[in-house]
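Put chain B on the given structure of chain A with help from the hints.
Protein chains: 2
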Amino acid sequence: MLGLDPDPGTLWPVAVGGDEAGEVPEGERDAPASRSAERAAAAVERHCRAAIEAAGRACVGVKLQLACFERLGAPGWSALELAAHAAREQGLLVIADGKRGDVPATATAYAQALVGTVATPFGEVPGLGVDAFTANPLLGVDALAPLVEAAASARAGVFCLVRTSNPGAAAVQDRPSPDRPLHEVLAGMVHELGRGTVGEHGLASVGAVTGATRPDLLARLRQLMPHAVLLLPGIGAQGGTVDALRPVFAHHPAGGLVTASRSIVDAGRAAGGDPASAAAHAAEELRERTWALASS
Amino acid sequence: MLGLDPDPGTLWPVAVGGDEAGEVPEGERDAPASRSAERAAAAVERHCRAAIEAAGRACVGVKLQLACFERLGAPGWSALELAAHAAREQGLLVIADGKRGDVPATATAYAQALVGTVATPFGEVPGLGVDAFTANPLLGVDALAPLVEAAASARAGVFCLVRTSNPGAAAVQDRPSPDRPLHEVLAGMVHELGRGTVGEHGLASVGAVTGATRPDLLARLRQLMPHAVLLLPGIGAQGGTVDALRPVFAHHPAGGLVTASRSIVDAGRAAGGDPASAAAHAAEELRERTWALASS
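Read top to bottom, the protein sequences are chains A and B. Note that the first sequence ends on residue 296 in our numbering; no numbers are left out. Note that the second sequence ends on residue 1296 in our numbering; no numbers are left out.
Looking at chain A on its own, in the form it has when it is part of the complex (with noise of 0.2 Å):
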């Protein structure tokens, strides 16, 4: 999975539209808010799209980070819409990573952004239609429910956060509760909502978040939840290696899903040289390892 977090800061030169360093001449710095909204949001998606076509087809997706896009307001909105175009024209996944979750009547309202529409008196409205969008389990699984079954009538997924990949997690989600860590509650919980929707090849459409930090777990939420997709953020960045995932692909070499974001896009920061080119081969490089280890 091809993590895409535009920083507006941070943009590939080819997308400001600047000189090679992506600078943008002084006159055009400080144009008035909303058009500076618009600009940043109309060069973040044209480093999305460079993106995308630069690494997209080492990746089986992409996954779409909402809070960087919402913080250009509306024309950032715009921006997530034509990324999650972007990435469908390639023939790749897209997954909204938002984590929303809330009482049942809101959930339903965040299902319909997702993967639903929503009726006006104007007509039907449709929402981003992506593929699998990431919830937060903590209301509870009668607050998940408006969002596992509108996936399931949009043949969507839905990926629960049960392992979380930054630190302070462990505070949380490993804590007792009371016989076992809560992490463990969070993946019956999957396990159960995911219960009528395994498909054929043995795979639910109810997944779960399990953060690559933490592999020493990863053996055990397998086991509780053994038709789950495991969403795997963590890599590279944040400290995780592949090498670790053995266990999540241990039913299916489509059991896990690696998904990365600094270590792709910005590998040509550190590497030197074309961003493009260097997220090309990072993505690569990602796809062969994780995929000589789930076929292995």
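Hints are computed from structural coordinates only; laboratory data are not their basis. If you're wondering where the values come from, they're calculated on a predicted model, not measured in any experiment. Glycine residues also receive a C-beta, built at the ideal position from the N, C-alpha and C atoms. Incorrect hints may have been included.
Stated by the list, open to error - Sample of chain B residues at the chain A side, in silico, Cβ under 8 Å: (1) Pro1008; (2) Gly1009; (3) Arg1039; (4) Glu1070; (5) Leu1072; (6) Pro1104; (7) Thr1106; (8) Gly1123; (9) Asn1136; (10) Ala1171; (11) Ser1177; (12) Gly1202; (13) Phe1249.
Leaving out everything else, chain B in the frame of chain A:
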């Protein structure tokens, strides 16, 4: 708090611009999707503006449900910005209810979207600029920190989910973990995060969402978070009552914010008559009951 969770299917007729029942003439119903989204978003904005004009004077602020705007895409995000602007023009506080939460790098992007700005090659782009927002603490303290810090810099507040109002919350948030329920652990996090932010009135900038549907928990939660402002959803449509909220106001009459959405905005549907005067009446009644309790 006036909760605005606009459903494009049940807007006030005055907002839709059709006949008295809000019916749009047949020929105008099937515009192309992008045009539908724009027209629906404009109607949502008019609906919010009318609700704010009708019921705003009985409220200290509005709580905007981000999901309800996001489902209309980029035009929906514009409507969100305009609704926030309309509330501020009336001297009302604005809470963005999006329950965001993500790993630290992404939490920083959400903070920029809500209360900050983001640097772009085309100048700074401001976010929504709200007075407070809701956040999901499942990812732990390191993930909340960028939100809390950005809010403090912007003189804004954060409401962390501690005990939500939906039935399914019990199985996760009330779980013994191991010596005390998870919601008490989250309350401890809120208290710690807010410690350095307590102002002259004894209130911190880090508050908590504590559903009014479980009033039996509130005395204990108040004890664990003596300086937190508690945001209290669940009154009205979800079955909570104001009278059970006494412990919330033990230290300060501004220690609790009752938020009601459907029971105000949809009051006209139950009672009949003009939606605006029904909403004004419902909001005023709630204000009186809450204020009587808070100041007693």
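Results of checking the hints against the structure:
Residue-level restraint check for B/Pro1008 holds (minimum Cβ-Cβ distance to chain A is 4 Å; threshold 8 Å). Given the 8 Å rule on beta carbons, the hint for B/Gly1009 holds: about 5 Å separates it from the nearest Cβ of chain A. For B/Arg1039, the suggested interface contact is upheld, since its CB lies about 4 Å from the closest CB of chain A, less than 8 Å. The criterion of a C-beta within 8 Å of any C-beta in chain A is met by B/Glu1070, whose closest approach is roughly 4 Å, and the hint holds.
Among the interface hints, the one on B/Leu1072 holds; its C-beta lies about 6 Å from the nearest C-beta in chain A, closer than the 8 Å criterion. With a cut of 8 Å, the hint placing B/Pro1104 at the interface with chain A holds, because the nearest CB-to-CB distance is about 6 Å. With its C-beta approaching chain A no nearer than about 5 Å, B/Thr1106 sits inside the 8 Å limit, and its interface hint holds. At about 4 Å, the closest approach between the beta carbon of B/Gly1123 and any beta carbon in chain A falls short of 8 Å, and the interface hint on this residue holds.
Because the smallest distance between the Cβ of B/Asn1136 and any Cβ of chain A comes to about 5 Å, under 8 Å, the interface hint for this residue holds. Given the 8 Å rule on beta carbons, the hint for B/Ala1171 holds: about 5 Å separates it from the nearest Cβ of chain A. A cut of 8 Å between beta carbons decides the hint on B/Ser1177: the least distance to chain A is about 4 Å, and the hint holds. Checking B/Gly1202 against chain A by beta carbon gives a least distance of about 27 Å; that is not within 8 Å, so the hint is violated.
Against a cut-off of 8 Å between C-beta atoms, the interface hint on B/Phe1249 is violated, since the closest Cβ of chain A lies about 24 Å away.
Violated hints, listed in ascending order, are 12 and 13; each of the other numbered hints is respected by the structure.
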